[in-house]
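Peer 1: Below, each chain spelled out in residue letters.
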Amino acid sequence: MKIKSQQDLWAGLMFIAFGLFFILFAMGTPEFLDKLVGTRLIPGYQMGSSVRMGPAYFPVVLGGLLAVLGLLVLLDSVVSEGPEVPKFHFRPLIWIGLSSLAFAYLLKPLGLVLASAALVFVSAYGGHEFKWKEVAIMSVVLVIFSVLVFVKGLALPFPICPDFIEVCPIR
Amino acid sequence: MEGIFGNLAIGFVEVFKLQPVTMWGMTLQHVPFNIIMCLIGCLLGTLIGVLPGIGPVATIAMLLPVTFNLSPIAALIMLAGIYYGAQYGGSTTAILVNIPGESSSVVTCLDGYQMARQGRAGPALATAAIGSFFAGCVSTLVVAMFAPPLAEVALKFGPAEYFSLMVLGLVAAVVLAHGSLIKAIAMVILGLLLGLVGTDVNSGVLRFAFGISELADGIGFVTVAMGMFGICEIIANLEQKESREIFTSSVGKLMPSKEDWKRMIMPILRGTALGSALGILPGGGALLASFGAYTLEKKVSKYSHEFGKGAIEGVAAPESANNAGAQTSFIPLLTLGIPSNAVMALMIGAMMIQGIAPGPQVMTERPQLFWGMICSMWVGNLMLVILNLPLIGMWIKLLTVPYRYLYPSILLFMAIGVFSISNQPFDCFLMAVFGLLGYVCVKLGCEPAPLILGFILGPLMEENLRRAMLLSRGDPWVFISPSKPISMGFLIASVALLVIIAAPSLRKKREEVFVEET
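So the protein sequences, as listed, match chains A and B.
Counted the way numbering that gives the first Met the number 0 counts, the first sequence spans residues 0 to 170.
Counted the way numbering that gives the first Met the number 0 counts, the second sequence spans residues 0 to 517.
So that you can see chain B by itself, here it is in the shape it has in the complex (with noise of 0.2 Å):
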């Protein structure tokens, strides 16, 4: 216990250190700047997770270029408060307009809106809010106790090892996406095939580059999630009519009454518990955790009757959930270099741009950084909560905002962002191919999340399996044999896992699951 605890304070004394910040020409001596990065994350974040039609991936893709000239810490701070206060956004997207901002937020949607008509909009969203702070707090502190462990156990990991891992990582995330099984792996492999585009490092030979110069460092990872999330997106909202009913006049007092209050503890403690364990899974996170959250407490609650009639339970559990979700799925992230879904892939492209190689090795290389990340996390819970619950009103007066407004202007900062990566106009030209590419996928029934998840694992998997055949001299085995007992696990559960959700009893139930979510 008192090494977390050492830990934490190393993390702390980074997220409020001071530090000269020159800006506009005037240099300023201290500053508490990974704090207001914090601050300005978790802002910006649930700005633009509020606004209809963007999710928290489009979100940060967006804002990922506003980050590339901060420090390591403050660019992964900052970051972090995006996702948390997107994720934020979408719940109260979900409540006041029925529209969820994000499929974690979908469950959200059931009962946080039925209680929005019957006038109790204002502690629907506080609950949300009371309970995201507590399974934030307390996945906090989950993610300091199992990161260090994980991650000396990671450290010992070989190539075939992390090979397989990956293996196991792509398979888990693609089980939990929608729709076909067969086309989210080919999306990966897609993804895969799109990430080995470039200079290969071990030959130096330029790869699928068709004599463009621009592709010799590889297709850029910005351009392609903002292309396949962001651009896709504006085009399959401008294909919508316009039409949103919100509850702006009947927020009402915010504070949940003494019932309330009693009604929501049960159900923030369990949505807490089931979120963290299940936001660890590789493949899981926020998503998982709130759909199981919901399922779970419509069983064991004594008010099951009113779900779905605008039941405090079903806004308390699965958004305490899925903000414990959301933190332990860092737990992979951090400790093995494997992103459990899109924006957990986004992260990693963003530790790449600033130079640190995700894996077991950054927290004993950079303490610093690791912990200062693991409390800024719990820092931008407790900014949401003082932050949102008094702005909600501003935020609801950006729900009214017509998307024709909108959606100019998200693309000019996409394609501004894009555009100063490498300050060449191709980028831009790239984004637009994959917006195409991203659109034509969705009509198709192909989800591109998965796409994002092989992008970003495509170098790092050549790689390991080069260097493991490379030991094993050629040997295809090495995976599967005895004397690599993790690595043949790994493979195993990911077979398993397929096999599973191939069977046509569970193949059925997954889709009934699914569709329910659309």
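One chain only, chain A, in its complex shape (with noise of 0.2 Å):
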């Protein structure tokens, strides 16, 4: 058997494992493994009747059908021709995913001033040209722009100095 389509054998592959997964979850595991293992391994959530639903039932039909779909792409993978997928770029997925993190663990501890400053500089990073005075200027720029609009014009509670600071220049 020849996979024509790379495409569809993963996107089969990937909503086939959702499926299953949110059907494992709202059921919990099936009663031989608890057996094997010796205790509740997920326990899962009532099925219900059909007159009345319980929290796994609707979850449970949507995980089948999710998973017979899959199945259906899967199987289209070998009948008909289909393109590769295409390259996965990791160095903008890793930065950008990593600087909206950055910003998101650092606001609390060190501030808004800190944290912006930082996913500025990181996710720059992952395009294609990093110039230092350029995301300098970029960085402080921003920073003030956020201080203005978010802290002070929409009055969203962010600290903008880090905690250590006991007296914030900035108020």
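Do not take every clue at face value.
Short derived list, chain B residues pointing at chain A, Cβ under 8 Å [to be verified]: (1) Ser408; (2) Ser419; (3) Ile420.
The hints are simulated quantities; they were obtained by calculation from the structure and are not laboratory data.
Bear in mind that the values here come from a model prediction, so they are computed numbers and not experimental data.
All residues carry an ideal CB built from backbone N, CA and C; glycine is no exception.
Each chain sits in its own coordinate frame; assemble them with the hints.
Peer 2: What follows is the structure, encoded as structure tokens:
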């Protein structure tokens, strides 16, 4: 059997995985597996009946549907020609992701000024060219802008300065 | 007719209402706050819509948090303004740079860009603005006329009808998605499942939260939208080398010539009519409208040989149609509470955040809000014409800003917006995760838009399914029983749509249409 469409192959697998994932966590692990291990691995939720649907009912139905559709996509991948999966570019993916994480987890301890600067620097590193001077100017402008607009204008409850500075110069 | 004008009067009073406003510690007594929000919305929307590589969905998602602190009416007026502005900005980039800011201005590229290359960018931009404005006026009236009767019908819907209607809405929306139909349906279902994360309203059970306390209220809808559209678009844009060809110097005079006026009148009328009609359909909206109008115009116009070489009809018709369609697609949203496309899904999300349950009761329970929003559509369109034609030079300057300056700013605003929702780092983390998911999906040929629709409708669908099944004592045939003809009709229509689209001959045609577009 030859895979004619790499794209469909992986898309199908992804849908099947998501479908089974939701079914597994809605229904809980099957009994034989629990017996094998000796404990209830994933408790699951109540199925209920079709009259009174429990919390597991709809997710299980949908998860099943999703898995079936995934299977159809998978079958299609050996039947009809399709495109290759385009190349993944890991550089922007990683740095863009990291920059939003850096901002999120630095904001409370370090304040808006440093967290924004961190975001700008890290995300700029994911681009095609990284010029220190440019990025530095950009981060200064953006920091001033976001302090003025978001903290002063829209009154978001963000700390401006780091925790360890007792008297913040910007108020 | 009288009823309509009475209702529109309520709306205009609301839009122009003077109210006290407190800002920066100062309180001003008589401020036309709603109209100012409309203006800011239009400006921001155009500003971001003009920037290449950011579509209206990402624009609205990015600016949603700005509206959190506003009153519901001001927030919705501003969002509607952002939407038109983004759409308008999209056509500007289509004409000047040959990059459609969004899918519905793809056809505008064909003739608009050619006009720009012939040094007639000014008239092309003006035609787009005039056509859009005319279409906006007409479709505002259409919304005002059709919304009340539809809402009245919808008020009689029970849970079975609602469930079936949502199925139809999702199917119709999927049929119009690009690429594979099965993948689009799978994306809808994945969206529905993700919408279920959080506390189950009926049983109070925490579902799919994995012990993460931040997930108790479910996944934030803004978070998903920003991740799947915003982050994903940025990453995708960074993959490509920057190359843009801009006609900065050759915009020339704006006013179309007498000949141009003569040639654009009929296409604008036809485009408006077709756009208004197509926009009302579930799954319709701006995209279908602009494609339909371009095709129609090419068939009926006596200048059809000029199409693709800079025919003014090829700008006037689709631009009027997509604006008309964009507005009338508010009808299913406002009367039924069903989003017909990703932008409308964002509007529903915004309404929910403001504590308004979208649906037919909005019109009767909050007439000011309902009619105020409809009137703001017209005002917003007027503002776009008045503001944007003089400001065109500024928008062109913006086009020349390199992407490496733009994306860190966009990213920062998105991160601040998402963080501000619940003041926790976890939402930004989720945004990054959804950015990754969106990126993977795009690489695997799965459009993210259907997922957002499903995500919004997930909890609603489950709720209505449960109620319908409870009322029918567990009989699944309730959805297609003769005692519920409306529900049966919706389901038959959905199946018919799927069958028609899956039929081999049409499938080929559909693929051709979408290939042409991309």
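Peer 1: State for each hint whether it applies.
Peer 2: Do the hints match the structure? See the list:
no.	hint	result
1	Ser408	6 Å, holds
2	Ser419	5 Å, holds
3	Ile420	11 Å, violated
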